[in-house]
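Engineer: Chains as they are written, first to last, in this note's numbering: chain E, 1 to 154; chain V, 1 to 502; chain G, 1 to 318.
Hints may be right or wrong, so weigh each one.
Unchecked claim - Quick list of the computed label-pair ranges, beta carbon to beta carbon:
no. : chain 1 : residue 1 : chain 2 : residue 2 : range
1   : E       : L116      : G       : D28       : 39 to 49 Å
2   : G       : K315      : V       : L482      : 23 to 33 Å
3   : E       : L139      : G       : E241      : 31 to 41 Å
As the list claims (entries may be wrong) - One-sided and incomplete, this derived list gives chain V residues near chain G with beta-carbon spacing under 7 Å:
no. : residue
4   : A186
5   : S188
6   : D202
7   : I323
8   : P324
9   : I337
10  : T342
11  : G344
12  : L348
13  : Q351
14  : I456
15  : S457
16  : G459
17  : N460
None of these hints come from the bench; they were simulated from the model. Source: prediction; values computed, not measured. The beta-carbon is built from N, C-alpha and C at its ideal position, and this holds for glycine as well.
Now for the letters of each chain:
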Amino acid sequence: MASPNKAGGTGDRPDLFTAALFIGFGALGLWAGRDLTLGTASAMGPGYLPRIVSWLLIIIGAAIGGFGAVRARVDIARPKLWPLAIILAAVIGFAFIAEFFGFVAASVWLLLVGSLADRDSRLREVILLTAGLTTFGALVFIIGLGVQMPIWPF
Amino acid sequence: MNFVDLLMLGFSEALTPTNLGFCLLGALLGTLIGVLPGIGPTATIAVLLPITFYLPPLAGLIMLAGIYYGAQYGGSTTAILVNLPGEASSVVTAVDGYKMAQQGRAGSALAVAALGSFFAGTVATFGIAIAGPTLSSFALSFGPAEYVSLMLFGLLAATILARGPVLKAIGMILLGLLLGMVGIDASSGEERLTFGAVELFDGIDFVVIAIGLFGFAEIIENLENVEARGILVSKLSRLWPTREDFRRAWPAVLRGTGVGTLLGVLPGGGATLASFCAYSVEKKVSKRPQEFGDGAVEGVAGPEAANNAGAQSSFIPLLTLGIPSNNMMAMMLSAFIIHGITPGPTVLATQPEIFWGLVASMWIGNLMLVVINLPLIGVWVKLLTVPYRLLYPAILLFCCVGVYSINNRIFDVALAAGFGLLGYAFRKAKCEPGPLLLGFVLGPLLETNIRRALTISHGNPSVFVERPISLVLLIATAGVLLLMILPSFRKTREEAFQEEEA
Amino acid sequence: MNQLIRNTALATVLFLGAGAAHAEWPADRPIEFIVAYAPGGGTDVMNRTLAPYIEKELGAKITILNRPGASGEIAYTAMTQARPDGYTVSSLNTPGYLTMQMDRKVRFDPKKLCLVARVVEDPGSFIVQASSKFNTLKDLVAYAKENPGAVTVGTTGLGTDEHLAMLQLEKAAGIDLTAVTFNGANEARTALLGGHVDTIGINVGEFVGNDHSAFKNLGQFAEERASIAPDLPTAKEQGLEVLMSSERGIAMSCDVPEEIRNRFSSAVEKALENPEFQAKAKQMSLAISYRSAEAWNKELPVRAERLGAIWKLAKEQK
């Protein structure tokens, strides 16, 4: 990870971000579990522990945020959106293509699109790699290990 | 017949050419699926089950067992090389193993893992042979109250696992607990935190979270930091551990074997807990706890030994009582039943050749695995010199297929992508994902057992202190907690953290 | 086009008696058999064992596809949404199939799901440790009458067959038992062996098929003694009205022509009669009990009504 830039001021940004994540998930847990029966400590309902855990998460998040806010300033390593977006798109695309068009199409999509994430990729290598890995995958996973996915769209 | 006669009987059964052949086949197949991330032994064995119909009973069982422990060997390879734990037990191996690989010590880490596993496998196999019935009665004494105390201890161990601030580690554990609660609550039948998605009724699969948080997030981060991944390629590593590595690893292997053999017997989360506990033990007894998380060889040796010993000893309840302790063992039980053999005390008496043949084959299989794996280390290390632009698409494909194969549905793949995003966010927030996974695995066990214990005691919480094993575990938990809160200990933690940042 | 009309006409003439307009089924591609449970479980192993014998009878190829999750709901949804051409069948287990409809709004349309053949009917039963003071259900009832709530019963969750059987027993005998939930029969069995619960509910097939030297069976919850356990008295024989069994069978979409469904059903019937299969079934302690599509469809509503009444009990108790 890139070394944090130490600029002036206060606020540990990774900690503040952590606090936001924890509080967010805690709130989400409370919201999603709002209709569950609580019960009592001796006869716990399904909602008892989720609610306790959600509140604890919020408290911990707030504590991290509180300490982080007064600490010396640390910045978050700058995110690059390109690899993130490309990898996620490649994977989700793989999922849907596999469902409707089988393994070969999905694998080709995943490898071709996935390769865009790295600017070093060379076209010729990518094509060879795609062909090789797709064949390997079809043979080893689907024929060899019996993964239940059609190879072809039909 | 005495013990030596029985063991000889076992070896004479296991050493027939057919059985040797199927043992080798199983071990090879297991290594293969272990190395491929996400593809677990459960699915493979299920596919092979009907085929074993046509094999002699012992040969079929030997092969299936070989796949199981072979996969344990293979699993650590991916964890060390590309930071991709395929199952709960290799999460810990990834922590220090991957750091070692980044420092150019991949060969050393792999060799320690293989040798440690072999040693642990040998001890655990003899443990099954000598003390199987005794160990299984130990397992039976674990009721709901004992599990609650054990899980609390395990969760505490998770905070030791993490580097960095304790608060963040606790938060990650809590988040893991929350994720573990997703699904239909068995004792009330209510849907919890599923957002109405029918795919979430049975909860989230471990592999989905592990591949997302570790696999996908790691790839995205590596693509972001072009400079960082150069290190991986430039330092060509030595293949064999140094004398110093050996000296530090062997006590860790011994301790890991003990922890693993004992905890592996416990039904449910036993084998998973084993590697986590072994890691905490190592970090606690080490004179250099600050090195943990930064490529400490003990951090690979201990958990790897524990994980393999646990895998072996999880056969004990199945073979001696006829009760499978996890999904894999349930599959083995199906394999027995297909052949009309019902494992348990009766088989032990009436068909000793099955029990002892299987036990002997496990030792032979472990030996084969070491022989197969040690020369392979060279190949694996070479793999690291493949440019990352060629390596990551392959990892991506293996991860996607692996996640899909758990339940044969695309929902899980999309969910894993979501966890990839989350894992990326956690890296930006400097939060370690390890504790989250442990919370996720132990959370459901903790909750169901708390509720079970209180139902049985009609709401009386004193069960937790009235039962001796539970009491001892609770005292141990309190002791460790005290150690953590004591100022002197906190200081070492902070020092470790400072050093890491420097 | 002409050719097509001529062929269709020819086919219609040839098969008028049998009414087989789908002459090509089932040979032109593999039949996808969706198993609603994970690989390696009881339902999966049973269907994988049976499939080759159905293949033989139909002259078709069958590929098994596991779609586990939500007690079968995911598989039933996938099956009812598939093209209704007879190339997609699914495993179906009761009482899960019935209780899920009582408990929640399901994602599939139960009216679109037609039963094709029942393969197994496995009665429930209660077992205790071999050293237990109970020998029959009567002993257990007598003890529970004197000590309300003291007897703990391991089940695998609310609304499962063991749980519903327990509720029936409570009502029939006027006693009060305590249900303890486990994740699956194996966990429950471990807890029973360790003495953490007094008794657990288990299917007779699971009891007979495993090493049961450490257990005693108190009685089976069937109308008549199951073929795999002829020596085990039923609850009825002990004067207790408890009826609970789990069924495993095969279903198809109702949009599949009835004639195809019936052909599949009779292929299953013949496969079950194959001595080779029967030998395997015996090894696996499968309580084979065939019902044709028609017979099973007629029986199910009766079963659903009985379950509904117990289910209401469960909800009131909560």
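Engineer: Taking the hints in turn, state whether each one holds.
Structural biologist: Outcome of the hint check:
Checking the proposed 39 to 49 Å range against L116/E and D28/G shows it holds: the Cβ atoms sit about 40 Å from each other. For K315/G paired with L482/V, a C-beta distance near 47 Å fails the hint of 23 to 33 Å. Checked against the hint of 31 to 41 Å, the pair L139/E and E241/G fails, with Cβ atoms roughly 59 Å apart. About 4 Å separates the beta-carbon of A186/V from the nearest beta-carbon of chain G, less than 7 Å, and the hint is met.
Hint status for S188/V relative to chain G: holds, with the closest Cβ pair at about 6 Å, below 7 Å. Interface hint status for D202/V: upheld, as the beta-carbon distance to the closest one in chain G is roughly 5 Å, under 7 Å. The beta carbon of I323/V comes within 5 Å of a beta carbon in chain G, closer than 7 Å, and the hint placing it at the interface holds. Nearest Cβ of chain G to the Cβ of P324/V: about 5 Å, under the 7 Å cut. The hint holds.
Contact between I337/V and chain G, as hinted, is supported at the beta carbon level, the nearest pair being about 6 Å apart and thus within 7 Å. For T342/V, the shortest C-beta to C-beta distance to chain G is roughly 4 Å, which falls under 7 Å, so the interface hint holds. A cut of 7 Å between beta carbons decides the hint on G344/V: the least distance to chain G is about 3 Å, and the hint holds. Among the interface hints, the one on L348/V is violated; its C-beta lies about 9 Å from the nearest C-beta in chain G, farther than the 7 Å criterion.
A distance limit of 7 Å between C-beta atoms decides the matter here; for Q351/V the minimum to chain G is near 11 Å, and the interface restraint is violated. Because the smallest distance between the Cβ of I456/V and any Cβ of chain G comes to about 6 Å, under 7 Å, the interface hint for this residue holds. With its C-beta approaching chain G no nearer than about 10 Å, S457/V sits outside the 7 Å limit, and its interface hint is violated. Of the supplied interface hints, the one on G459/V is violated, with its beta-carbon coming no nearer than about 11 Å to a beta-carbon of chain G, more than 7 Å.
This hint is violated: N460/V has a C-beta 13 Å from the nearest C-beta of chain G, more than the 7 Å allowed.
The earlier numbered hints that this structure contradicts are 2, 3, 12, 13, 15, 16, 17.
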